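*Asks:* Spelled out, the chains give:
Protein chains: 2
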Amino acid sequence: MNSYLEMDRTSLENELNEVKLLLEEKIKQNIKLDMSRGKPGKEQLLLSSGLLTSVSEADQCFDGSIDARNYGVLAGLPSARALFADILDVSPSQVFVGGNASLQLMYDLISKAYTHGLLHSPAPWAMRGTVRFLCPSPGYDRHFKISQSFGMELIPVSMTPLGPDMDTVEQWIKDPSVLGMWCCPKYSNPDGIIYSNETIKRIASLHPAAPDFTVIWDNAYCVHEFDGDYVPFPDILSLCAENGNRDMVYEFTSTSKITFPGAGISCMASSEENIDYMTKLISVQIISYDKLNQLRHVLFLKDKAHVLELMKKHAEVLRPHFELVESILESEIKPLEIAHWTNPKGGYFISLYAMHGTAKRTLELCAKAGVTMTGAGATYPYGIDPFDSNIRIAPSLPSLEELRQATEILCLCLRHSALEQLLQTRM
Amino acid sequence: MNSYLEMDRTSLENELNEVKLLLEEKIKQNIKLDMSRGKPGKEQLLLSSGLLTSVSEADQCFDGSIDARNYGVLAGLPSARALFADILDVSPSQVFVGGNASLQLMYDLISKAYTHGLLHSPAPWAMRGTVRFLCPSPGYDRHFKISQSFGMELIPVSMTPLGPDMDTVEQWIKDPSVLGMWCCPKYSNPDGIIYSNETIKRIASLHPAAPDFTVIWDNAYCVHEFDGDYVPFPDILSLCAENGNRDMVYEFTSTSKITFPGAGISCMASSEENIDYMTKLISVQIISYDKLNQLRHVLFLKDKAHVLELMKKHAEVLRPHFELVESILESEIKPLEIAHWTNPKGGYFISLYAMHGTAKRTLELCAKAGVTMTGAGATYPYGIDPFDSNIRIAPSLPSLEELRQATEILCLCLRHSALEQLLQTRM
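Top line first, the protein sequences correspond to chains C and E. So the first sequence is numbered by my numbering: it starts at -11 and just counts up by one. So the second sequence is numbered by my numbering: it starts at -11 and just counts up by one.
Please keep in mind that the hints were generated in silico from the structure rather than gathered at the bench. It cannot be assumed that every hint is accurate.
[What the hints assert, rightly or not] Not everything, but these chain E residues come out facing chain C in the computed CB check (under 8 Å):
(1) Leu35
(2) Gly38
(3) Ser44
(4) Ala251
(5) Ile275
(6) Ser276
(7) Thr360
Just so you know, these numbers come straight off a predicted model, no measurement behind them. Heads up, the beta-carbon is just placed ideally off N, CA and C, and yes, glycines get one too.
Same shape as in the complex, but just chain C:
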C-alpha cells in the first residue's frame, strides 16, 4: 500500500472503486456493532461479581454504628470517604460520596452555581449575564453538554500533548465572565493525555478575575492504566491550596469503570469549606445517597492497593482491545498517510485524527455499514470540530472478533472518505 497523498487521479479513482466494492460486501453482512461509548465489556463486569454478595446479611449493613440501610449521613459513610481519599490521595474530610454517577455530582454543582451560587459567588450564575466556560478540546462530550444545557458560552481551548494550552487559559481567565474550566487530567477523554506537572502547576496557580472561577477536575481515569504500572498523579487539592486557591477546584471520580458502570459509587473532593457549603445545599435535595452500595464497595474494594490489583485485571482484558485496533490501523491506514491516532496507556479511548474535512463523512459511511461510533464533532464544544477530523474510538465493549470487524469497516470508511476528499480537491 502506498500513501494516498502521492497517488495520481487515476490511481485514486481505482482505489475508490475497490474500497466501494469492499464496503458494499461489508454492508451486505448486516453487521451491528457499537464503538460509541466507553462502556466496559462483559468480561470486565464479571471481575466485580463479588460486589453482588459483599453485603448479604443484615448484620453486615453497618459502618461502625451507622446503619447503611437507613436514612442519614449525607456526605457518605466514613469508610467510603476514606476509600476515595486513599484513591485520590486527599483527606476523608475533603470527600463527599454520592450516588452511582459522578456526572450527576458535576451537573448538580453547575446547577447549584446557577440557582444558588458557589461559595465565593457574588451572585448566582443565572444572574451573571454571559457565563463563559473553558473547554479543552477535544474533550468529553457530556461535560460540554452540561455547559451548553445551562446556556454557557463554550470557549474551546486546544489540547497539547501536555494538557490544555495554558497560554490560552491564562489569557481567558482575565475575563470575569469566565467562570470555570472542564478538565479530564489523566488519560483525558478522548486523547488519553496525562497533564504534565508543569500544566497542573499552572492550573493550580491561576489567578482568575472571577472570584468563583471553578476548575472541574474530572479524574475519571485516576487508576485506569491498561498498559504498564499505575502512574502516580499530583493531588490537585493540595496544589491549589499551596497557591492560595483552596476553593477553586472540585475533583470528581467514581467506580463506574472499576466495578459496575451503572451501579457504582461516585465522589466529589474539594476544600472542607467547599464540601461543607455543598453539603448544606445538597441537604435540601436528598437525605442521603445509597450508603448500602457505598458499603458494598468498601467491603469489595477495601483500599487503593486492592483497587489497583483489580485494575490490573481490567488491564488484562482491555489491553488486547486497544492493541487490536492499533495494529489494524497501523497496517491498514498508516501507510496511506490519511490519519494519525493516539496510543494511550490508560483510559477508554483511542483518538483518531482523520484527514481534515472527512470525519463526518467517515462516520456516515460507518453507520451505513452498521458500525455506530461517537458522533463526529461530539468531542468539541457545540459538537463542532473545526477541522472535521477527530474520531473517538471506544474499543472496550465489543468482543475482539466484533472489534476486528468494526475496525476493518472503520478503515474502509476512512479510506473511502479520504479518497473522495482527495479527488475533490484535485479536480
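Position chain E against the provided structure of chain C, taking the given hints into account.
*Replies:* Below, chain E alone, put in the same frame as chain C:
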C-alpha cells in the same frame, strides 16, 4: 386528673411544681431519644433482608436483554417501571424510575423548572420574577425547604380533614405567579389525612392562570396502611387527563418505607409528554440511575400484591408504636384538655396540636430532657406555625420501651408549657 382549663391559679401553681419535679427526675436519667424523623426501626429493616441477596450472581443481572450493571436505560428498567406502574395504577410509559430518593427527583424537577422551564413554561422560573407556591400546612418540611431554597414565596393553605382547603387553592391559582402546589395526598405528613375524592377531583380540574402550574403529588404513603386493609386511591394522572390537565401533575413515590429508607428506589410518574421532556433534560445530568438496585427491588418485591403483603408485616411492627403513643396521650393528656391529636391509620406520624403558643416551649423542654422531636413550626412554611401549636410525633424508630419513656417525657413537657401559659394569661 382534671382539665387544666377549669383549675384555679393555686391549683395550676401546685400542678406546675409537681410537673417540674417529675421532669427533673427524668432529666437526671440522661435519656437520649429521637422521635424527630419518620425513620423505620430495626425490626422493619429486617423485613427486607431478602433484598440483600435478590441479585447475587452475574447471570441474574439482566432485565430481558438489558444488563443492569452497565450504563444506559435512563428512564429505568422496564420491569421496575412496570412495578411502580402497578403500585400507582398508572401505565409503565408514564413512569420514570430514579435513584434512592424521590426527594431528589422532586428537587430536580423544581431545579430544572428554574433553570430550563417545564414543558409549558413560557420562560424558566428563574426569569419569572416572584414565584409563588401553595403549601398545604401543616405539611412536609422538606417540601417547603425545597421551595424556600429557590426563593419562592410560600403560600400557606389550611389543611382540612378532607385535604387542602380548596376554596383557598382555587382563589390563589388565578394568580399567574402561583406556579405549583405541594401535596401529600394519602396519609398526609404530618396529619395522616387522606384527601377526599371531592378534593382530588377539584385539584384535577383546576384551571390555573399559569400554563406551567404544577401539582407535586408526593404519594409517599401510597401503600402504607398500618391499621386495617389497603385503601385504594384514585389515579391522579387519569383524573387530570380527563379534565384537560394531562401535564399538570407529577406524582412521586419510593420504596424508602417499603424496603430500606436509604437504599431503596424511587419514581416519578406523569404524562408521557412530561416524562419525555424530563428524560431529555435529565439525560444531561446522568447516564442512568442504579438499575442493579432497581432489579434487586423487582425481584424482591415482585408486584403490588406482594408489596401489600410486605406492608402488612410493616403494619404489625408499626401499629403497636402508634397505639402506645396514643394510649399514653389518651390517659395523660386528654383529661387535661390541653392538646388534641390525630389517630391515623397509615403513614408515619401523629400530629399533635398543643395549646396555642406552647409548641416551641414544649419541644425546648423535651430537648432538655433528652428527647429530640421535629422542630416546632417545621411543618409550616418558613418554619413558622402561626399558632405555635403543631408537634409532629414520629413513633417508628424508637423501641417500644424507648417510645414509652419519650412519650411520657413529652406529656410532662406538654403539661409544663400549658401550665406556664395558663398561669401567664391569668395573671
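*Asks:* None of the hints should be skipped; say for each whether it holds.
*Replies:* Against the structure, the hints come out as follows:
no.	hint	result
1	Leu35	violated, 10 Å
2	Gly38	violated, 10 Å
3	Ser44	holds, 5 Å
4	Ala251	holds, 4 Å
5	Ile275	holds, 6 Å
6	Ser276	holds, 5 Å
7	Thr360	violated, 13 Å
In terms of the numbered hints stated before, the structure departs from hints 1, 2, 7, listed from lowest to highest.
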